[in-house]
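Those sequence lines, one after another, are chains A and B.
Take the first sequence: its position 169, counted from the start at 1, is 169 in this note's numbering, and no numbers get skipped.
Take the second sequence: its position 250, counted from the start at 1, is 250 in this note's numbering, and no numbers get skipped.
Don't take each hint at face value.
Pairs of lysine to aspartate or glutamate, DMTMM-like flavour, derived with a Cα cap of 25 Å [unchecked claim]:
1) K85(A) <-> E98(A)
2) K261(A) <-> D177(A)
3) K190(A) <-> D82(B)
4) K183(A) <-> D233(B)
5) K167(A) <-> D177(A)
6) K137(A) <-> D177(A)
Keep in mind the hints are simulated off the structure, nothing from the lab.
Given the structure is predicted, the values throughout are model-derived calculations rather than measurements.
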Amino acid sequence: MSAGPSRPAPPRSPRSARNPHRAVAAAVATLATALLVAGCGSSTPTTSADGTGQPGRSGASAASLEGTVTVLAAASLTESFDQLKTDFEAANPGVTVETSYGSSATLVQQVDNGAPASVIALAGTAAAEPLDQAAVKDTQSFATNVLEIAVPPSNPGAVTSINDLAKPSVKVVLCADTVPCGKAAQATFKKARIVPNVVSKEVDVKATLSKVKLAEADAAVVYHSDVVAAKDAVTGVEIPSQFNTSLSYPVIRLSDDAATKAFVAYLLSAKGLATVQSFGFGAP
Amino acid sequence: MRYAGRWRSRVALGVPAALALLLLVVPLVALLLRADWARIPSDLATPTVLPALRLSLTTTSVTAVLCLLLGTPLAWFLARSDHRATSWVRALLTVPLVLPPVVGGVALLMTWGRNGLIGQHLAPFGIQIPFTTVAVMLAETFVAMPYYVLAVEGAMRGLDPRLESVARTLGASDLRYLRTVGIPLVLPGIAGGLALAWARALGEFGATITFAGNFPGRTQTLPLLVYVELERDPQVAISISIMLLVVSVLVLGVLRGRWLR
């Protein structure tokens, strides 16, 4: 195994041995290249939806559905929308549903910057406010969600109620203040008059949950649906309704393409709503 | 005929070369064009920026010191040995260099996390690494140290081996040889390696957010702040980006002026 192309060629020849400065320059130049290459990977945390399919721009509908529906959905919808995609593609063999998940704040920003999307589903109506309204064709609420505390199954912080999060020894992870679950958690702590020991504010709800799944944090404030989706990996601790914050999830259609309309209609159908609710969401 | 042929090859090479240049330069220009220059001072005075700036400066400085203290001896061992194992160690060193930083973050969690290889033995003493500033330093050192070691090793290999032999016949120990002869001669390599490692540490994002989390003042470095601010106030994100761009250019300028001639 060789050390790979990024290794500076060690100057072994007598010529370069007599000229260490040149050798250093060569080594540094090689490394500078490697630096740039390595830097490229780390500086692009937001992967935009890889929407290769172009939803038809005209409303002209084909008899049998064809094409690609690009769906951007809030991170909390990961499991439910994966299921919807599978079911919808099975029922419509000509249609490919491409999904991309991230924090609602990230997704809205991606769409405003021109990311190709046929549908965007967000955690909470407030998250949709920065969305360029000119692109919106239709908005409907399809689910509700409430906050819940997730703890590792071993419950190292002995968390049994929201009041336990006030203990300084309990390491709490929240979503960032910019994303819906972070805003909702802040509102809940304000109502409960609790100041938790927050050790990290993660970029989306699944990143927040992962810190508890790995048992690195004692508790995380996530959605009820995330606790349901995580199954045995975490234990849920309910937040009483007087402190809890409820979010209404809108599905926003950005295309008049027939396949896109069909996907949204399927989501809002009794079967689609039942799928979403089977992952712990409430009725709209 | 020869004239036309030469032009054809000029175009065949020149067009892709120009494209490559545009691909690299246009985004930087775009960033500069989108900047609201009048707002930059007030943007950089936002309450979130100063703690992130301070954190970035301290953690990257510690990283540089760790590289210097730990990386220099490693570079020396690698440079003087021609053993087969040495090339294996060198290959191993390049892995963090090409590894996606977020994978590095996962690996660090598996090492220093509460249930990690080392972390589980620290937990009983109340020592927890993730979500602390120490975690940021570990993440930055993990990604930056290989740059330093390889740069310094390259410089040390360029030294005349007779210098070391002479020093030894005069009775100098390895440590004394390095202190009085070896290191002074490779100072440019050390400085270049430090600048590269420091710049890489400053830009570190993936390993940090995975391993250290994101908390203002404690683990939120400038790149993490750029990511979060882009969702809150894009103009602030652009202003911080410009500052980081200026710093990067300065580092490169120092490298070019001094050691990349």
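Structure-based check of all given hints:
1. Between K85(A) and E98(A) the CA atoms are separated by roughly 8 Å; this keeps the pair inside 25 Å, and the hint holds.
2. For the hint linking K261(A) to D177(A), the alpha-carbon distance of about 33 Å lies beyond 25 Å, and the restraint is violated.
3. A hinted pair counts as satisfied when its Cα atoms are at most 25 Å apart, and K190(A) with D82(B) does not qualify at roughly 64 Å.
4. Annotation: proposed proximity of K183(A) to D233(B) holds, straight-line Cα distance about 16 Å (limit 25 Å).
5. For the suggested pair K167(A) and D177(A), the alpha carbons sit about 21 Å apart, so the restraint of at most 25 Å is met.
6. Straight-line distance between C-alpha atoms of K137(A) and D177(A) comes to about 29 Å, which puts the hinted pair past the 25 Å bound.
When the structure is compared with the earlier hints, violations turn up for hints 2, 3 and 6 and for no others.
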